[in-house]
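Visitor: So the chains spell out like this:
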Amino acid sequence: MEQRILHAIERCGADYSEVRIERSKRSRVFFQRGKLTAFETANEVGGVVRCLKNGGWGVAVFNDLAQLEAKMDEAERAAALVGARSGGEVRLTDVEPVRAEHRVQLIEDFRTVPMEEKKRLIEHYDAVIRGESKEIHGSNIEYKDIFREFTFANSEGSYIVQELPDITLMLGAMIGTQDGMQIAFEPVSGAKGFEIVRGCDSIAETVGRRVVKVAGAPPVRGGQHTVILDPDLAGVFIHEAFGHFCEADFLFKNPQLADIMTLGNTFGSEELQVVDEGYLPGERGNVPYDDEGVPRTKTYLIKHGKLHSLLHSRETAASMGGEPTGNARATSYEYAPIVRMTNTYIENGSSTFEEMLKGIDHGIYACGAFGGQTEFEQFSFSAGHAYEIADGEIGGPVRNVVLSGNLFETLRSIDRIGDDLQITGGVGGCGKGGQSKLAVTVGSPHIRIQNVTIGGE
Amino acid sequence: MTSLLSKARAATDAAEVYTLERSSTPLSFQMDKLESINTRHTRGLALRVIRDGRLGFASSTDFADEAAILDAALTTAAHGDDVAFEFPGGGETEPVDSRTSELIDATLEDLVDFGEALAQRLRAEAPKAETKVDLERVVDTIRIANSSGLVREERRSSLVVELTMTQAKEGDILPIGDSVRIAALDAQEPERLIQSLAARMRWSETVVPAPNGQVPAVFAPSGAIGLLLPIMIGSSGSLLAMGATPLENRIGEQVLDPRLSIFDDATLPGGSVTRAFDDEGLPTRRSPLMAGGVFSGFYHDLTTASQTGQAASGNGYRSTSRLTQFDYRWPPGANMSNIVVEAGASSEEELLREMGDGVLIDGLLGLGQGNLMAGDFSNNIGLGFLVQGGKVVGRIKNAMVAGNAYQLLEENVSAVGGEPAWVYGQIRTPAIALTRVSVSS
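Sequence order for the protein chains is A and B. Note that the numbering used here has the first sequence beginning at -15, numbered continuously upward. Note that the numbering used here has the second sequence beginning at 673, numbered continuously upward.
Be careful, since some hints might not be right.
As the list claims (entries may be wrong) - Below, a list of computed lysine-lysine pairs in the PhoX-like style, where the Cα atoms sit at most 25 Å apart:
hint, chain 1, residue 1, chain 2, residue 2
1, B, LYS841, A, LYS287
2, B, LYS841, B, LYS705
3, A, LYS197, A, LYS118
4, A, LYS421, A, LYS103
5, B, LYS841, A, LYS416
6, A, LYS421, A, LYS9
7, B, LYS679, B, LYS705
8, B, LYS841, A, LYS237
9, B, LYS841, A, LYS290
10, A, LYS287, B, LYS800
11, B, LYS679, A, LYS237
12, A, LYS416, A, LYS282
13, A, LYS421, A, LYS282
14, A, LYS421, A, LYS128
15, A, LYS416, A, LYS128
16, A, LYS103, A, LYS118
17, B, LYS679, A, LYS9
18, A, LYS103, A, LYS19
19, A, LYS19, A, LYS118
20, A, LYS103, A, LYS128
21, A, LYS128, A, LYS19
22, A, LYS9, A, LYS128
23, A, LYS416, B, LYS705
24, A, LYS287, A, LYS9
Just so you know, these hints were derived from the structure itself, not from any lab.
With the hints as constraints, model all of the structure from the sequences given.
Guide: If you want it as structure tokens, here you go:
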């Protein structure tokens, strides 16, 4: 394969060309209230070619590897057309070519675990969850694994083979109430082997107990609240509320937005540091090189409250005069890479959780991420579970906690940053530009924010 | 495919082979400049087998190695779920081809010219904004064959045009966008979209404080989807099979306002789920979900129909997201076709006038947040306006709208509008006006 790829690149007449081939093997077990909604395996092979010609991009995606040369021709022709019609402005920042091979060793390779055993493990967790209470309507458990091998080669001499395992288990429970079905869930995940989904009984028990507590919970009162976010939810918050805005491909052709994101602008307190750390082995989505062959790096987005750096691809770095940060990622071979986050977190501050609680007469303690969305300055994210805070004490649960705000105001309203950083990968992923469910990790210590809008009556 | 089906039949009690071949050409324009061209050609297959009453599923991109995919499907069938349905018969029918020659014959240059013209028009209408046009022509070929003798083939084509304009300054960033699906390189519908987006942008120039409390609201079509999504999910046969829908045991009952009639309709031209047959080979149809607010029934695939003892409705689609997409990678599930809400009479202007004072909600962030199974939604109002005396006075920001969709659409409907529009390509709805809904800011 290597010779064939290198030959195809050599014969291509583009100014720059790259090939990314992906092979993947995956399985899924979805168990909903005692029924196997999905029990499946899949094998996939595909590739994507990118060509740059006269400053224009052409891309071709295919499943039939026999078409590699034809697809390179197609991408080159498309690039030439774009170069001619667009004024040909694309430039790429220089990077060192890389020849590397990154293979993983799994403690227990999920590819060799029989499907029957995966099913039995899920059935076991179903029993554990339902064992917490007869009131529980049923469990909702989804297990997924995928092992991917990518080969990247470009016309500058880079040739990189990387392996990326991904395993996720979503343990959920449902309970019926007079206000409808309520749910609770906990994720388990990593760029690891089957060993991490074994021995999760205590997590399953937690889910079962929590759903019973949620059953009696009133909906949260809508309005402005003082909020403490747990590390999980604070991680999603910083990803949605700030991380996306640092992705330079939103900015490099948009002078209005780029102006707002000028390096050195103050966004938060002195104590606030926000990082996008390129490579954390064992965390979801983590490999040493991005999808342009650039080594992933640790980038400070915010340092001492000020915008320190943006996240770049080779194209945005060239356009904005930055350094490539190794943030060019594609969800799969079906797409060209765009600027994406990797592991995004708030660094530790100095407050303890107790100190944060003490200052609150009425507030909400919001935990666990259920999802989020950003549209430039507006962001929204929802809590998996949440509790009232009254007179500095955590009280009873409340439900339907969806938080929202203006990112600039909200960052400035973070008044306490905790000292208990945790990083998590969740079970879903990030979506952007039509590329959904890219595995990312997020993290933070507990943080406290004033004046957060929560939806509700 | 015949060869794989034969091999599978020999090793099992029943088998079904599904293949999807997709050619798509996404083009993107930044301002009025072509930015990239992507030519995508993907194809994959999925095999379902039934053996000893259990179901197996495997998918692959390798059409040559039939033994491998058969082996994978048999492995999952060994421990798969009990199956109480049979693959449908129906023999072999003529291939259905709804592709339009205007789209099939268009060259890359034709598409580029079309997109460039739209990009220039968009810039002209929104001179202060950063604009983007994304075009994607998609041509799908779907084939299904099963051991009951059914053979189906369908080819479809579409061109989706997505328009975005973003205006930004310190303290105020406004993105406005929408998309439209067309069958030819005809600028009429995109032009209409450009006009309406430009009008929204002009309304947004003034920002005013958002209200706080229970206020009257007009949900424009792209906001109304927030009200409709829980109902659509609640009507799903898979939720019924899980015992998790508020609509259980409510067929024939008045659930929503009598002015709301909602259909699941795969026959309506122009929708993203307009299909002659579903992904299990069953003929599609137009079925009422709510007839004058009376709940008419759930939508099913073969599995959920057999699990609930109800009739299959031709809603078996291979999709994992809430909005229905087609992919060979996923097993069939009960999914919506196009969802059509019957229009009333009033224009948006008339609805605003009747409302007097309230809000106009044109877009929601975080669709799907809240507990949709129970009908509870809670969303940031991505694009919303304050209305006073029946007129828009400015844009509201940093506000959320929340409520229970079942309660609101049963008790709080003040009017159903008369100008239906497609939202996300799959839902066709007019505006819905509510007497009051909770807005927090």
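Visitor: If a hint holds in the structure, say so; if it doesn't, say that too.
Guide: Consistency of the hints with the structure:
1. In summary, the hint linking LYS841 of chain B to LYS287 of chain A is supported, as the alpha carbons are separated by about 23 Å, within the 25 Å threshold.
2. Note on LYS841 of chain B and LYS705 of chain B: the hinted pairing holds, with a Cα-Cα distance of about 23 Å set against a maximum of 25 Å.
3. For the hint pairing LYS197 of chain A with LYS118 of chain A, the CA-to-CA distance comes to about 13 Å; that is within 25 Å, so the pair holds.
4. Distance restraint check for LYS421 of chain A and LYS103 of chain A: the Cα-Cα separation of roughly 24 Å lies within the 25 Å cut-off, and the hinted pair is therefore satisfied.
5. Simply put, LYS841 of chain B and LYS416 of chain A have alpha-carbon atoms about 23 Å apart, close enough for the 25 Å limit, and the pair holds.
6. Only pairs whose Cα atoms come within 25 Å are accepted, and LYS421 of chain A paired with LYS9 of chain A is accepted, the gap being roughly 17 Å.
7. For the suggested pair LYS679 of chain B and LYS705 of chain B, the alpha carbons sit about 52 Å apart, so the restraint of at most 25 Å is broken.
8. Of the supplied pair hints, the one linking LYS841 of chain B and LYS237 of chain A holds, its CA atoms being roughly 15 Å apart against a limit of 25 Å.
9. The straight-line distance between the Cα atoms of LYS841 of chain B and LYS290 of chain A is roughly 19 Å, inside the 25 Å bound, and the hint therefore holds.
10. Restraint check for LYS287 of chain A and LYS800 of chain B: not satisfied, since their Cα atoms lie roughly 33 Å apart, outside the 25 Å limit.
11. For the suggested pair LYS679 of chain B and LYS237 of chain A, the alpha carbons sit about 54 Å apart, so the restraint of at most 25 Å is broken.
12. Of the supplied pair hints, the one linking LYS416 of chain A and LYS282 of chain A holds, its CA atoms being roughly 21 Å apart against a limit of 25 Å.
13. Our distance criterion of 25 Å between C-alpha atoms is met by LYS421 of chain A and LYS282 of chain A, whose separation comes to about 22 Å.
14. Of the pairs offered as hints, the one joining LYS421 of chain A and LYS128 of chain A holds, with about 13 Å between alpha carbons and a cut-off of 25 Å not exceeded.
15. Proposed proximity of LYS416 of chain A and LYS128 of chain A is supported: the alpha carbons are some 22 Å apart, at most 25 Å.
16. At most 25 Å may separate the alpha-carbon atoms for a hinted pair to count; LYS103 of chain A and LYS118 of chain A meet this at roughly 23 Å.
17. Restraint check for LYS679 of chain B and LYS9 of chain A: the C-alpha separation of about 23 Å stays at or below 25 Å, so the hint holds.
18. Between LYS103 of chain A and LYS19 of chain A the CA atoms are separated by roughly 11 Å; this keeps the pair inside 25 Å, and the hint holds.
19. Between LYS19 of chain A and LYS118 of chain A the alpha-carbon distance is near 18 Å, which keeps this suggested pair within the 25 Å criterion.
20. For the hint linking LYS103 of chain A to LYS128 of chain A, the alpha-carbon distance of about 11 Å falls within 25 Å, and the restraint holds.
21. For the proposed pair LYS128 of chain A and LYS19 of chain A, the alpha carbon gap of about 16 Å is at most 25 Å, so the pair holds.
22. Straight-line distance between C-alpha atoms of LYS9 of chain A and LYS128 of chain A comes to about 11 Å, which keeps the hinted pair within the 25 Å bound.
23. Under the criterion of a C-alpha separation no larger than 25 Å, the hint pairing LYS416 of chain A with LYS705 of chain B is consistent with the structure, at around 21 Å.
24. The hinted pair formed by LYS287 of chain A and LYS9 of chain A fails the criterion: a straight-line CA distance of about 40 Å is larger than 25 Å.
The structure shown violates the earlier hints numbered 7, 10, 11 and 24.
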